[in-house]
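Asks: Residues per chain are reported as follows:
Protein chains: 2
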Amino acid sequence: MIPKGFKVGGVCAGISNKKGKKDLSLFISQTPAQSAAMFTSNIVKAAPVLIDIERLKKTNEISAIIANSGCANACTGKLGFQNALEMCEKVEKKFNLKKGSVLCASTGVIGQRINLSGLPKALNVLTDIAGTSAENEKDAVLGIMTTDTIIKKASRTIKIDGKNISIWGCAKGSGMIYPNLKTLHATMLSFILTDAFVEAALLQKILSQSVEQSFNCVSVDGDTSTNDTVIALANGQSGKKITSGKNLDIFTKAFDDITLELAKAMAKDGEGATKLIEVEVKNARNKNDAKSIASSIALSPLFKTAMFGADANWGRIMSAAGKAGVDFNQQKIDIYIGGLQTFKKGAPIKFSEKEAKKSLLKKEIKIVFNLNSGKASSKYYTCDLSYDYVKINGDYRS
Amino acid sequence: MIPKGFKVGGVCAGISNKKGKKDLSLFISQTPAQSAAMFTSNIVKAAPVLIDIERLKKTNEISAIIANSGCANACTGKLGFQNALEMCEKVEKKFNLKKGSVLCASTGVIGQRINLSGLPKALNVLTDIAGTSAENEKDAVLGIMTTDTIIKKASRTIKIDGKNISIWGCAKGSGMIYPNLKTLHATMLSFILTDAFVEAALLQKILSQSVEQSFNCVSVDGDTSTNDTVIALANGQSGKKITSGKNLDIFTKAFDDITLELAKAMAKDGEGATKLIEVEVKNARNKNDAKSIASSIALSPLFKTAMFGADANWGRIMSAAGKAGVDFNQQKIDIYIGGLQTFKKGAPIKFSEKEAKKSLLKKEIKIVFNLNSGKASSKYYTCDLSYDYVKINGDYRS
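Read top to bottom, the protein sequences are chains A and P. Going from the first sequence to the working numbering is simple: count from 1 and add 4. Going from the second sequence to the working numbering is simple: count from 1 and add 4.
For the record, the hints were derived by calculation from the structure and aren't laboratory data. Ideal Cβ positions, reconstructed from N, Cα and C, are used throughout, including at glycine. Among these hints, one or two may not hold up.
[What the hints assert, rightly or not] Selected chain A positions facing chain P (in silico; Cβ < 10 Å):
| hint | residue |
| --- | --- |
| 1 | A76 |
| 2 | E96 |
| 3 | F99 |
| 4 | T228 |
| 5 | P305 |
| 6 | F312 |
| 7 | R320 |
| 8 | G326 |
| 9 | A328 |
| 10 | G329 |
| 11 | K349 |
| 12 | V394 |
| 13 | I396 |
[Claimed, not checked] Derived coverage of chain A by chain P (criterion: at least 3 residues anywhere in the stretch with Cβ under 8 Å from a Cβ of chain P; other residues may be distant):
| hint | region |
| --- | --- |
| 14 | 38-48 |
| 15 | 79-87 |
| 16 | 110-121 |
| 17 | 219-227 |
| 18 | 364-371 |
| 19 | 380-393 |
Given these sequences and hints, build the entire structure.
Replies: Take a look at the structure:
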């Protein structure tokens with residue numbers, strides 16, 4: 005359900021080579037919303053990312069997000085920068101919004117010029133059709149999809165002091181997925197809308213902490229994009245303000261649920277993925293160690309191909325853990341694959357290969373790597389590495 | 005050509021599941037040789053690596069290397085450690101070598117126990133057949149191969165003060181290739197033999213510098229193995245000592261040529277590889293920056309799949325460079341793919357896709373990423389990411 009005071013929609017603007025599919029989406033608030041955002045840590049930042057960073061230095065009050073797919077508008081020189089700016093300015097003009105109050109985002113092929121000739125007509129259509137229906141929701145998400153095969157959206161409605169507050173989020177992301185989002189400086193795109201009033205600074209804090217345990221714990225291929233962008237908008241139209249205490253806890257919990265649901269959906273829909281893999285590292289000395297080891301396992305192509313082949317090759321899990329740069333005592337390690345223990349206190353144990361195969365043929369697989377050395381833990385989400393990953397990326401541009 | 009005073013050989017010892025193929029190799033010197041070695045930086049080190057590290061703390065005089073394939077003897081607990089020790093000790097006994105003067109190395113599946121029941125018989129056979137013939141050379145390399153499809157060996161004969169000195173090296177490595185070799189602490193295996201006399205400390209210095217520009221500049225999949233090992237032996241049987249000056253330069257040049265030739269052969273024979281890719285980063289501010297960017301490009305699955313598809317998708321090169329963690333000015337970048345410029349001073353330029361495709365269908369591809377910001381450069385070697393990589397690794401154990 006789209007939160008109060010927001011409208012969303014998606015159309016085909018012919019902006020890229022998506023050949024008749026929706027490639028332009030609008031997320032707009034009736035009234036200026038408090039905003040928070042995170043962008044890619046890649047040194048090479050796409051034009052829309054640079055524009056957003058500039059704009060957010062001047063204001064936290066944002067009214068709309070215009071986002072396109074099929075063309076990343078990255079590495080496109082000065083003209084690309086002008087194009088991104090033009091996208092924002094045309095939306096401002098069309099909807100009578102304050103100058104500087106529109107953010108933009110792009111995803112798709114790097115280096116191609118964006119074709120804005122259809123933008124005026126597309127904005128006319130969006131003026132007419134953008135709304136809050138289930139179809140609007142779907143269209144808005146379709147407009148930002150590239151190699152995605154499923155629509156990723158999530159929402160929660162919570163009660164604060166008897167009043168309903170809605171939070172709605174969507175995301176795209178299937179390849180070039182290894183977000184490493186820094187505050188104000190993330191090709192997954194995610195937009196989170198809420199009708200709560202949350203001041204920009206607090207919204208940023210909630211977003212940053214939420215991303216750290218969701219989008220920043222997902223990898224499809226270890227390639228951090230030039231365009232990763234997460235934007236949260238809070239327009240206050242529910243009439244309820246979130247500041248501290250129990251209300252903040254309830255809001256944060258719902259917000260975190262949404263980002264985690266979207267992050268897991270991204271991993272599950274990774275390019276060529278046949279299964280979702282959760283890697284949990286338990287009982288590490290500290291959180292950093294746990295996350296480093298979890299990500300090292302989740303990023304290993306050898307581990308990922310073994311998962312594709314439903315092969316309980318736990319040796320690759322040990323090897324990937326060992327290259328994480330974290331010192332640990334091999335003699336204390338326990339490894340579980342799909343609930344089945346394969347390695348105990350530093351030595352291999354007998355297990356049923358048949359049972360292991362059965363659990364690895366499921367659509368969701370859990371790996372547990374227990375260091376038995378502390379109390380910190382971390383979960384990381386990824387997918388298997390399949391023939392289709394190679395197929396999809398062997399000739400993406402054509 | 006095998007250097008003077010060395011014998012090599014390979015047999016099928018039934019040590020693993022290589023099903024009748026050669027899986028045990030011996031490299032032995034008539035007289036104790038000066039040694040230098042480098043091992044994996046993975047925290048999880050295989051039993052043979054741990055044994056070698058222990059032994060090299062006590063002596064630099066090494067007489068033989070016993071190496072097996074098919075079983076990595078990694079993550080095998082105390083028994084694995086005893087097995088590795090047994091391999092060394094059986095060779096010492098059989099060939100009347102000094103206690104502690106034999107090193108061992110293993111490569112293959114992690115976590116499987118090594119089967120040494122056939123070792124005594126295999127050593128009897130090796131006693132008879134090990135030698136210096138072309139067949140011996142071939143057998144010795146075959147005995148350490150796993151998913152390798154080509155035999156990797158290289159040799160040089162140089163003249164020092166009128167005397168011939170030989171250097172011979174071999175290597176195996178096709179998957180789990182991302183060596184990060186640290187002095188005395190590197191599943192590629194490489195053994196380098198020379199009949200020059202080079203004191204252990206100097207040999208270590210030559211080896212360390214040589215590995216830095218060869219094996220440590222190669223990646224197949226970014227997975228650093230638990231077993232990587234490079235050992236150099238110098239037995240002095242040519243009667244010529246290498247110490248300094250011009251002679252050292254000539255020796256070092258030949259040594260470097262061999263490690264680079266072997267390293268490139270590993271990348272070219274990477275699991276599922278259809279082509280060798282050289283990534284050269286030019287005109288960086290310093291060597292570290294150059295190497296970080298080169299390796300980030302070479303390790304990118306999206307870049308590697310594009311190369312498999314012969315797709316001149318230079319945007320992925322920019323994106324991979326940008327995630328290296330090195331700051332650079334996008335506006336100064338030039339990119340060449342197979343000699344064809346695709347990106348000039350921060351903006352895309354028109355190029356013939358047809359011509360690009362033609363050059364990308366070749367067996368060896370050169371990528372140049374020019375930062376135009378300094379004088380340092382670095383080359384990194386990798387292969388494309390193909391369907392066969394997924395096939396080979398989807399069910400490696402069976």
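Asks: Decide, hint by hint, whether the structure agrees.
Replies: So, going through the hints one by one against the coordinates:
no.: 1; hint: A76; verdict: 7 Å, holds
no.: 2; hint: E96; verdict: 27 Å, violated
no.: 3; hint: F99; verdict: 32 Å, violated
no.: 4; hint: T228; verdict: 4 Å, holds
no.: 5; hint: P305; verdict: 5 Å, holds
no.: 6; hint: F312; verdict: 5 Å, holds
no.: 7; hint: R320; verdict: 7 Å, holds
no.: 8; hint: G326; verdict: 3 Å, holds
no.: 9; hint: A328; verdict: 8 Å, holds
no.: 10; hint: G329; verdict: 8 Å, holds
no.: 11; hint: K349; verdict: 9 Å, holds
no.: 12; hint: V394; verdict: 5 Å, holds
no.: 13; hint: I396; verdict: 8 Å, holds
no.: 14; hint: 38-48; verdict: holds (count 4)
no.: 15; hint: 79-87; verdict: holds (count 5)
no.: 16; hint: 110-121; verdict: holds (count 5)
no.: 17; hint: 219-227; verdict: holds (count 3)
no.: 18; hint: 364-371; verdict: violated (count 0)
no.: 19; hint: 380-393; verdict: holds (count 4)
In this structure, the earlier hints numbered 2, 3, 18 are contradicted, and the remaining ones agree with it.
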